[in-house]
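Chemist: Spelled out, the chains give:
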Amino acid sequence: MFAIVEGPIDVGAVISAAQRPDCGAISTFVGTTRVDESEGASVEYLEYEAYRPMADRKLEEIGAEIRERWDVRQVSIVHRAGRVDPGEASVAIVVASPRRGPAFEASRYAIERIKEVVPIWKREVWSDGYVWVGSQVGTRERVDLP
Amino acid sequence: MSGVKVLLFGAAADRAGTRETVIPAEGVTLDELWPLLAERHPDLSPMRGTLAFAVNGEYARGDARVFSGDEVAVLPPVSGG
Chain A
27 MFAIVEGPID
37 VGAVISAAQR
47 PDCGAISTFV
57 GTTRVDESEG
67 ASVEYLEYEA
77 YRPMADRKLE
87 EIGAEIRERW
97 DVRQVSIVHR
107 AGRVDPGEAS
117 VAIVVASPRR
127 GPAFEASRYA
137 IERIKEVVPI
147 WKREVWSDGY
157 VWVGSQVGTR
167 ERVDLP
Chain B
679 MSGVKVLLFG
689 AAADRAGTRE
699 TVIPAEGVTL
709 DELWPLLAER
719 HPDLSPMRGT
729 LAFAVNGEYA
739 RGDARVFSGD
749 EVAVLPPVSG
759 G
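Chains as they are written, first to last, in my numbering: chain A, 27 to 172; chain B, 679 to 759.
Keep in mind the hints are simulated off the structure, nothing from the lab. Just so you know, not all the hints are guaranteed correct.
Derived coverage of chain A by chain B (criterion: at least 3 residues anywhere in the stretch with Cβ under 8 Å from a Cβ of chain B; other residues may be distant) [stated by the list, open to error]:
| id | stretch |
| --- | --- |
| 1 | 65 to 79 |
| 2 | 135 to 143 |
| 3 | 146 to 154 |
Far from chain A, some chain B residues (derived; all Cβ distances over 10 Å) [claimed, not checked]:
| id | residue |
| --- | --- |
| 4 | G681 |
| 5 | L708 |
| 6 | E710 |
| 7 | P720 |
| 8 | R743 |
The beta-carbon is built from N, C-alpha and C at its ideal position, and this holds for glycine as well.
Generate the whole structure from the sequences, applying the supplied hints.
Modeler: Quick look at the structure:
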């Protein structure tokens, strides 16, 4: 299953859906929103923007790449769009494989590829402005603009 | 209005002050389209080196040619996860 969702990710449901009698391992990676602080200001929430349907298709392509490389029987990736509050899951990756090795490796591969090729952007909304992560464009005064 | 539809995302939309624009062009490469876009939205220019492009939903290089009705996306460095 590959999805971009506006609301909270039900990580337990994604894991349950991956349980299969021919697999002895399910590896789960959950990315959560972290609150950074600097010079008296802090992150209040994150906001994700996706270019759809390209982003959906790229998630599916990552799943196909994983199946080419490892013996996995189920790959699910669910990514949030819109506002995500601190500590919430912004992405969940669940890989089921007969053996634990491929499950671990494939879930790591998935998050690294997401950060390379999936057209999704994150904006940190601070108490004193916002910053587009990766571009360092925003309204915070301390941010060095290009 | 016919032309190439340009979608802007993230920091690029911020800099341009718009998320979508149409550029009257036909059969130009992305490298040739860029100055037309930057002319309209000069604040985009400093980002040029960081941007990637997609044509009709797939990554494309600067020599890719675009035609009226195509959808070009201006993609800042992705930051999902």
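Chemist: Each hint needs a verdict: does it hold in this structure or not?
Modeler: Hint check results:
1. Residue count for the stretch 65 to 79 of chain A with a Cβ under 8 Å from a Cβ of chain B: 5. That meets the three needed, and the coverage hint holds.
2. Remark: the stretch 135 to 143 of chain A is confirmed as covered by chain B, as 5 of its residues place a Cβ nearer than 8 Å to a Cβ of that chain, reaching the required three.
3. Counting residues of the stretch 146 to 154 of chain A whose CB falls under 8 Å from any CB of chain B gives 4; the rule of at least 3 is met.
4. The non-interface label for G681/B is consistent with chain A: the shortest C-beta to C-beta separation is roughly 20 Å, beyond 10 Å.
5. Remark: the non-interface label on L708/B is consistent with the geometry, its nearest Cβ contact in chain A lying 16 Å away (cut-off 10 Å).
6. The Cβ of E710/B sits about 23 Å from the closest Cβ of chain A, beyond the 10 Å cut-off, so the non-interface label holds.
7. Annotated as non-interface, P720/B keeps its C-beta farther than 10 Å from every C-beta of chain A; the closest such distance is 14 Å.
8. Its beta-carbon lying about 19 Å from the closest one in chain A, R743/B satisfies the requirement of being farther than 10 Å from that chain.
When held up to the earlier numbered hints, the structure conflicts with none and fits them all.
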